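Novice: Single-letter residue listing:
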Amino acid sequence: MAEMVKKANVLGRVRGGGVNVRDYGLLGALVVIVMFFQFMTHGKLLYSGNVNNLIMQNAYVVILAVGMVMVIIAGHIDLSVGSLVAMIGAIVALAIKDWGMPWPLAIVIALLAGALVGIWQGFWVAYVGIPAFIVTLAGMLLFRGLAIIFLTGGTIGGLPEGFVAVGARWMPAWLGHFADGRDVLTILIGLIAIAGMVVAQMRARGKLKARGLPRTPLALFIFKNAAIGAIIFYFAYLLSGYRGTPYILIVLSVLVVAYTFVLNRTVFGRHIYAMGGNRFAAVMSGVKTKKVDFYIFVNIGVLAALAGIVSTARAAGAVSSAGTFYELDAIAAVFIGGAAVQGGVGRISGTVTGALIMGVLNQGLSIMGVDSAWQQVIKGLVLLLAVAFDVTNRRRAGDR
Amino acid sequence: MAGCNPPGHRTPKSQGEWELKDNDVILRMTDITKSFGGVNALTDVSLSVNRGQVHGIVGENGAGKSTLMNVLSGVWPHGSFEGTIEFDGKTADYRSINDSERDGIVIIHQELALSPHLSIAENIFLGNERASHGIIDWNETNEDARVLLERVGLMEAPTTPIIQLGVGKQQLVEIAKAFSKEVKLLILDEPTAALNDEDSAHLLGLISGLRDHGITCIIISHKLAEIRAISDTITVLRDGKTVETFSMKDKDNSESRMIRSMVGRSLDNLYPPRTPKIGDEVLRVENWNVYHPVDTQRKVVDDASFTVRAGEIVGMAGLMGAGRTELAMSLFGRRYGTKISGRVFKNGDEVSTRTVNDAIDNGIAYITEDRKRFGLNLIGTVAANISGAGLSSLSKWGVIDLHDEAAEAERLRTALNIKTDTVVKLVGKLSGGNQQKVLLAKWLHTLPDVLLLDEPTRGVDVGAKYEIYGLINELAGEGKAMVVISSELSELLGICDRIYTISEGRITGQRDRKDATQENLMELMTLGGK
Chain A
1 MAEMVKKANV
11 LGRVRGGGVN
21 VRDYGLLGAL
31 VVIVMFFQFM
41 THGKLLYSGN
51 VNNLIMQNAY
61 VVILAVGMVM
71 VIIAGHIDLS
81 VGSLVAMIGA
91 IVALAIKDWG
101 MPWPLAIVIA
111 LLAGALVGIW
121 QGFWVAYVGI
131 PAFIVTLAGM
141 LLFRGLAIIF
151 LTGGTIGGLP
161 EGFVAVGARW
171 MPAWLGHFAD
181 GRDVLTILIG
191 LIAIAGMVVA
201 QMRARGKLKA
211 RGLPRTPLAL
221 FIFKNAAIGA
231 IIFYFAYLLS
241 GYRGTPYILI
251 VLSVLVVAYT
261 FVLNRTVFGR
271 HIYAMGGNRF
281 AAVMSGVKTK
291 KVDFYIFVNI
301 GVLAALAGIV
311 STARAAGAVS
321 SAGTFYELDA
331 IAAVFIGGAA
341 VQGGVGRISG
351 TVTGALIMGV
361 LNQGLSIMGV
371 DSAWQQVIKG
381 LVLLLAVAFD
391 VTNRRRAGDR
Chain B
401 MAGCNPPGHR
411 TPKSQGEWEL
421 KDNDVILRMT
431 DITKSFGGVN
441 ALTDVSLSVN
451 RGQVHGIVGE
461 NGAGKSTLMN
471 VLSGVWPHGS
481 FEGTIEFDGK
491 TADYRSINDS
501 ERDGIVIIHQ
511 ELALSPHLSI
521 AENIFLGNER
531 ASHGIIDWNE
541 TNEDARVLLE
551 RVGLMEAPTT
561 PIIQLGVGKQ
571 QLVEIAKAFS
581 KEVKLLILDE
591 PTAALNDEDS
601 AHLLGLISGL
611 RDHGITCIII
621 SHKLAEIRAI
631 SDTITVLRDG
641 KTVETFSMKD
651 KDNSESRMIR
661 SMVGRSLDNL
671 YPPRTPKIGD
681 EVLRVENWNV
691 YHPVDTQRKV
701 VDDASFTVRA
711 GEIVGMAGLM
721 GAGRTELAMS
731 LFGRRYGTKI
741 SGRVFKNGDE
751 VSTRTVNDAI
761 DNGIAYITED
771 RKRFGLNLIG
781 TVAANISGAG
791 LSSLSKWGVI
801 DLHDEAAEAE
811 RLRTALNIKT
821 DTVVKLVGKL
831 SGGNQQKVLL
841 AKWLHTLPDV
851 LLLDEPTRGV
861 DVGAKYEIYG
871 LINELAGEGK
881 AMVVISSELS
891 ELLGICDRIY
901 TISEGRITGQ
911 RDRKDATQEN
921 LMELMTLGGK
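If you read the sequences in order, they're chains A and B.
Just so you know, we're using the working numbering here: the first sequence kicks off at 1 and counts up by one.
Just so you know, we're using the working numbering here: the second sequence kicks off at 401 and counts up by one.
Everything labelled a hint here was simulated from the structure, so no lab data went into it.
The reader is advised that the hints may include incorrect statements.
[To be verified] Straight-line alpha carbon distances no greater than 27 angstroms define the calculated DSSO-like cross-link-like pairs of lysine-lysine that follow:
1) B:LYS739 / A:LYS209
2) A:LYS290 / B:LYS796
3) A:LYS288 / B:LYS434
4) A:LYS207 / B:LYS825
Keep in mind it's a predicted model, so treat the numbers as computed, not measured.
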């Protein structure tokens, strides 16, 4: 019996990719921060419109941070993504306005340009062996410079409505509205998400049963699903009261699910953790470390391009100063999310929570009317304290 | 002279059973209990060390030796454990290493803590600079360092960068550094683990000489013979408790007494019995040549040829630097050296071992001597480490089946008796012996036919050693071709069917088990080059 319980523990944790105390701690911190600002802003923080803005304003951080966490787990860093956002913005705007391309084609071109940049940086890091700090520092200058050159110092505005929708519009109310004006589609999407989650969890549970492996107790299983389901529903409820589901939310959801899968379940993801944990040992185990490094940079190149597209769409125009300090926002989200500076540790769930913590701070402080200079001071301290808390916590746990 | 106290200057205390002229107790630790999350790492451990003596502490990995020393030195601050410590007549309530160092307690850890690009002298006086008003006096620094180096018998210029020294010499620098700090009690944790015989002998001689300077020394080691050779008193720990303390003047001070106390049973034989069942040739290496990766003119492996048959355990004996590890690592995916030439045959067919994946695909596994550096991801789980070199058999279209992975990790955990409560524990939290088993499990998961085991029992305690020998025998029994590289000749003589000797990169001979002795092997191992 004891053996069974032990095994349940093993598989439960292997499956979920290891839900651990720190993840809950981080989530707890987010809840506390939300409640704090909810109180301080007299309930304004969770107004439908503000929740909507939280998503739209921070979409770029989540997109960049998802790429960044993989780079950081592998033991590298990428300082160039902010500049890349500006350069891609210039390219996509040029493609639409000057070269007369339809906007979907312009998006494809922009993503390819991002991949090309990733190939460029990945080549120097992986195959020439230049530290990523240097390669991407050079990239930071390079792409910012190119963005200014492409835009000849000016800006390009007046981008078509279809393109702008990617970053700043909502899915139409195809299913109409409820009597109180809430969007039916958004509620339906929320319910589909909940159903999807429950079905996936039940299938996993079924698989465990089929193999005769022990499962988490039914009561806990139901509680967990009910709790997460309730949060998703509340979120959908809030959004339905504004303009409905932002397109960008769909993009973000797909990214988060896909990259969680990549990191937890694929050989590629496992190799990233193995390299970050001990690069020599990974080489001696047959991991093609150069190839993995290369693709990590190609990946963040494409994701940075996506962030560039989204920001440009939201601003409805390209400007060469776009994306300034975006790399730092992404890096901060990753480290608040529990990644280790030495590499080998980090997760998508933590990173997204980290991005949300930064986002809620921004939003809450803005609603309170705190001066932007002070906002920076506070965010800097939060980053420092979050990592300090993590470091001392780990030391106390005896990981040293 | 630094830390030079005349022995016996304080009131002698009765020490009971054995007679000592200077039975002056410098350190008395009483009823130390230290727990981590409800698990006791130490339970009521008492230790008393006499001034000017060498006190050996032995025990299996996880017995609590390091924890005890961490309690003493303030790594675990006063208040985080129960019990009392009395040092040099005063109650010691250290809150950090700095506090204990101020009182003259210096620990030299297994992993040396020197800064590789700084000079010997800079390292010796690091944190304790010979300076006035923050300006370093280089003449004084280097001159003082020279005196200290002379004292430890290290013939190197004080300005030599640490990176140019071997491990043995670095160890001596650590001791010189300790001497620079008025040391009264020097604690050495596994000082000879990474040293060759010559360096070990020098170091042990130096430790014996400390008595004459009135410096007390605690030495922790797995090498029972050397503990016996230099200690005055020995304390045995097991499962976080003191088993016994005895003087070397006791009638029974044998290694077998120590082993009995350490493992709680007697190991009649250090090597498990085995009846070899040797089959056809599995691995043949012909004319293998490897050049040094940096100094590309230097041949590190010179025209080596050897064979291993199914079910055979073949030893590779050689002094440090003879080229044993270089031979194995160059065979395994060319992970060492340049301008590699030669041919590798498996079951009579020539195979490629050009990349690690080629080697793995051809059923060759290399179990490294340096598991922390080349073997394991210490911040990864047991399961992820075990599957690390063979994810392809656990995945489809690049997606890992986590259930299969957990089941395979469980299977190997049971088969190898890896002591961990779950396979999702981080490997870094396991003891050395269990880490070594995880490493072995990782390579068994790749289903190899040939295992190249490089120092498979390094840093592993007596009980776990026996288990690892048993596993090696078992694998040979399954018809695998085993190659064991070891610095301990007695180990090779204990487990191998045939032993090759390597000297200066050349295979200088081979002996069957029945013809091999320490003497004739040593002779072959020290044959000069061409």
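Novice: Please write out, lowest number first, the hints stated earlier that are contradicted by the structure.
Specialist: Hints 1 and 3 are the ones this structure does not satisfy, whereas the remaining hints hold.
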